[in-house]
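*Asks:* So the chains spell out like this:
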Amino acid sequence: MQQAPEVPAGLDAESAEWLHELAATGSRRDAALARLHERLLRIARKETARRAPRLSISGPELDDVAYQAAADALLAITAKVGQFRGDSRFTTWAYKFVIFEVSAKIGRHFWRHPAVPLDAEDWERLPARFGFDPAHQAEWRDLLAALRRAVDTELTPRQREVFVAIVLNDVPLDTLVLSLASSRNAIYKMLFDARRKLRAALAANGYLSDDSSRSS
Amino acid sequence: MNGWPALDRFLGTDARDVGCAEAMQMLHLYAELVASGAFAEQRYPGIAAHLRACGPCGEDFDGLLAAMSDEAQ
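First to last, the sequence lines map onto chains A and B. Per the numbering used here, residue 1 is the first one in the first sequence, and the count goes up by one each step. Per the numbering used here, residue 1 is the first one in the second sequence, and the count goes up by one each step.
These are calculated hints, taken from the structure and not from any lab test. Among the hints, a few may not be true.
[To be verified] Listed next, the stretches of chain B that the computed footprint assigns to chain A, with coverage defined by at least 3 CB atoms under 8 Å from CB atoms of chain A:
1) 11-17
2) 20-28
3) 47-56
4) 59-73
From the three backbone atoms N, C-alpha and C, an ideal C-beta is built for every residue, glycine too.
This is chain B alone, in the form it adopts within the complex (with noise of 0.2 Å):
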């Protein structure tokens, strides 16, 4: 264990993490699957590690998830 989490948590890679590009293009449809309680993880483990990493598509992913939530009330 290191004893710099946050630096350590930064500098930490994840082979599985696809990208922006293909996270961007599967954005709506892995959301789906999240709001639907669907196991969006482990079907797309590299979207899921890559929305971990990544601040502006993980900020994009929330306001999707929040648009749909507000579309359902």
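One chain only, chain A, in its complex shape (with noise of 0.2 Å):
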């Protein structure tokens, strides 16, 4: 027998009744989830729509992400149900699950269809990536050398992976989740901790100055 569901203290109305409703039973949490999930399709489709123009998905294929992330991020709700504690709304706290797998069915496309191999190497793509402008060429071409030397001699190999898949080849961070199989946190931190080393280096030899880095 399902138990009631402890609800916490100071918890909206509403939230608090999504709780109950989910922790019933038979057709009461079916009609829960009915609505749980028509909410949640309704938002994972605006958001896919949101991110459309920066994507090279419409159509189906965008609604299909967005049928996608609605059911899983269902299933992720439901098995988790019981770690919510209350200090938000429960349907923010829900929309949360269908906007990370949002994210997350977005970088599974662009894995199986890369606009480029992941492990291209386009030095040419970085005076566009940063703003550098082509007619002042003699001004920045000592500055990419010494970012490319830096590439190759200061990154780890992990790290360099990341940075070149990342900022030369435009690899969503959330597709090279996919194919390292690796965490969001990881490569994050991978391209953090390069960036830093990367703008000692240059730093270092008087291409940028030294004051960027928050301590605080």
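Using the hints, build the complex out of the two chains.
*Replies:* This is how it looks when you write it as structure tokens:
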């Protein structure tokens, strides 16, 4: 027999009702799940539409991403509803899952259909990536060479791999997570450390000032 | 001041940055603080620093705020 949920103190009425309905049995629970799925699908569709201008996915493919995200978010929410602490509205907590699922599905799409090989190295893209004006190439040529040297000499092989994929090849971070069987946190940390090392190397050689890293 | 602001911004790191795992765990709470006009950044400077620097988490944060706004309408 399913136990009544522990409703966190001070929870708003709507959130408390969601917890009760999701902990119910039979048709009452089914109705709550259907209602939640409907909301998640609406949010997923709006989110995919919001991101669409920056994606190469559209139409039925994009709608498919929304459907999958809503379905997987519902599974995650029902599995983790016991972890909901009531520190926000229930719907805010729940919507977080569907937003994360949209990100993951889009990352997976790019993994299956990469625009460029993930390990290609197109250094020619770097000037445009950082807004270097081709008309002033004489001014940034040395900087670019120094950056490339630092990438080769200062970074670990894994940091270099992450830097090349994300910065040179414009691979979405969530796609790299799948490609390297890693986590968003681990990839971000690798890139974070790489950025810090590269900045220090360029600052040591006088290309950048040494005041952009916060320490407090 | 550097003559390469985009590169400078990209390579700049903030020691307060909490990383993706903590930011993702707290995102719903942080989003509600922001939406309510509370001092979210002062209360959670490490999350604010992370959301400024991490494209994917920043995108998720924007998405969550949009979802909350949709809910309120």
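*Asks:* Which of the numbered hints above does this structure break?
*Replies:* none
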